[in-house]
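Visitor: Sequence:
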Amino acid sequence: MTALNLDALDLSALLCSRVCHDVISPVGAIVNGLEVLEDDSDESMREFALDLIRKSAKTASARLQFARIAFGAAGSAGSSIDLADAEKVSRGMFADEKTQLTWSAPQALFPKNKVKLLLNLVMIATGAIPRGGLLDVVVAGTAEEATMTIKAKGSYARIPPHVEELIAGRSETGTVDAHGILAFYAGLVARAAGMRVSLSIEGDTVTVHAEPGAAPAAATEEGPGDTGLA
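In full-length UniProt numbering, the protein residues as written are 1 to 230.
The hints are simulated quantities; they were obtained by calculation from the structure and are not laboratory data.
On a predicted model such as this, the values are computed, not experimentally measured, just so you know.
Be a bit skeptical, because a hint or two may be false.
What the hints assert, rightly or not - In silico BS3-like links for lysine-lysine, alpha-carbon gap of 30 Å or less:
id: 1; residue 1: Lys-153; residue 2: Lys-98
id: 2; residue 1: Lys-151; residue 2: Lys-98
id: 3; residue 1: Lys-88; residue 2: Lys-153
id: 4; residue 1: Lys-153; residue 2: Lys-55
id: 5; residue 1: Lys-151; residue 2: Lys-55
id: 6; residue 1: Lys-98; residue 2: Lys-58
id: 7; residue 1: Lys-153; residue 2: Lys-58
id: 8; residue 1: Lys-98; residue 2: Lys-88
id: 9; residue 1: Lys-151; residue 2: Lys-88
id: 10; residue 1: Lys-98; residue 2: Lys-55
Go ahead and model the full structure; you've got the sequences and the hints to work with.
Guide: So, in structure tokens, the structure goes:
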């Protein structure tokens, strides 16, 4: 394994690419719906187009709100984020028939990097159940000594390839693409937050767990939370 180091420009570019990947589909659907409204006078088709636009706009908004906290500055100069906001954007992100989300966390302000870590681990856990299923998020303890456990249960559950190595900041090739940037970024945030992340699988359930333990990365003075993707 090779230690993976990205400069600020490459990290920003890959995170931007990931965000664009997540929103391009619903935005494209909005464009298609508008084209139908412009070109088709059939009332049923116009209603279909309006419904498509409504649903796609809601999806795009939910994904952007999630990314704003998970990758950006969350529109705040403060050092803390309310866990209730993290729950709200997570429910918006996974409000569909494919994945059910349960959430148990204290009503409290948590350090920004710990909330970012939580959201990124939720995304990683979602990738462990490609056909959907149940996502159970539990945050316990105080803001200073928090533990986070996300259990992803579903058909064909598996730990996504290379995720553990990328979280640890390592790569077989010494590179990372837009698909793997979430895991690498989660590792950066975990080290900045003083958290240790582990993954395990038992049957159809993948467990992602984070607990205090890892020392903050000495090389990151401002921390990965200040990427500029607000």
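Visitor: None of the hints should be skipped; say for each whether it holds.
Guide: Tested hints:
A hinted pair counts as satisfied when its Cα atoms are at most 30 Å apart, and Lys-153 with Lys-98 qualifies at roughly 12 Å. Restraint check for Lys-151 and Lys-98: the C-alpha separation of about 16 Å stays at or below 30 Å, so the hint holds. The straight-line distance between the Cα atoms of Lys-88 and Lys-153 is roughly 21 Å, inside the 30 Å bound, and the hint therefore holds. A distance of roughly 26 Å separates the Cα atoms of Lys-153 and Lys-55; the hinted pair therefore holds under the 30 Å criterion.
The hinted pair formed by Lys-151 and Lys-55 meets the criterion: a straight-line CA distance of about 28 Å does not exceed 30 Å. Of the supplied pair hints, the one linking Lys-98 and Lys-58 holds, its CA atoms being roughly 16 Å apart against a limit of 30 Å. Distance restraint check for Lys-153 and Lys-58: the Cα-Cα separation of roughly 26 Å lies within the 30 Å cut-off, and the hinted pair is therefore satisfied. Between Lys-98 and Lys-88 the CA atoms are separated by roughly 18 Å; this keeps the pair inside 30 Å, and the hint holds.
As the CA atoms of Lys-151 and Lys-88 are separated by approximately 19 Å, the hinted pair is consistent with the 30 Å bound. Straight-line distance between C-alpha atoms of Lys-98 and Lys-55 comes to about 15 Å, which keeps the hinted pair within the 30 Å bound.
Against the hints set out earlier in the document, no violation occurs for any number.
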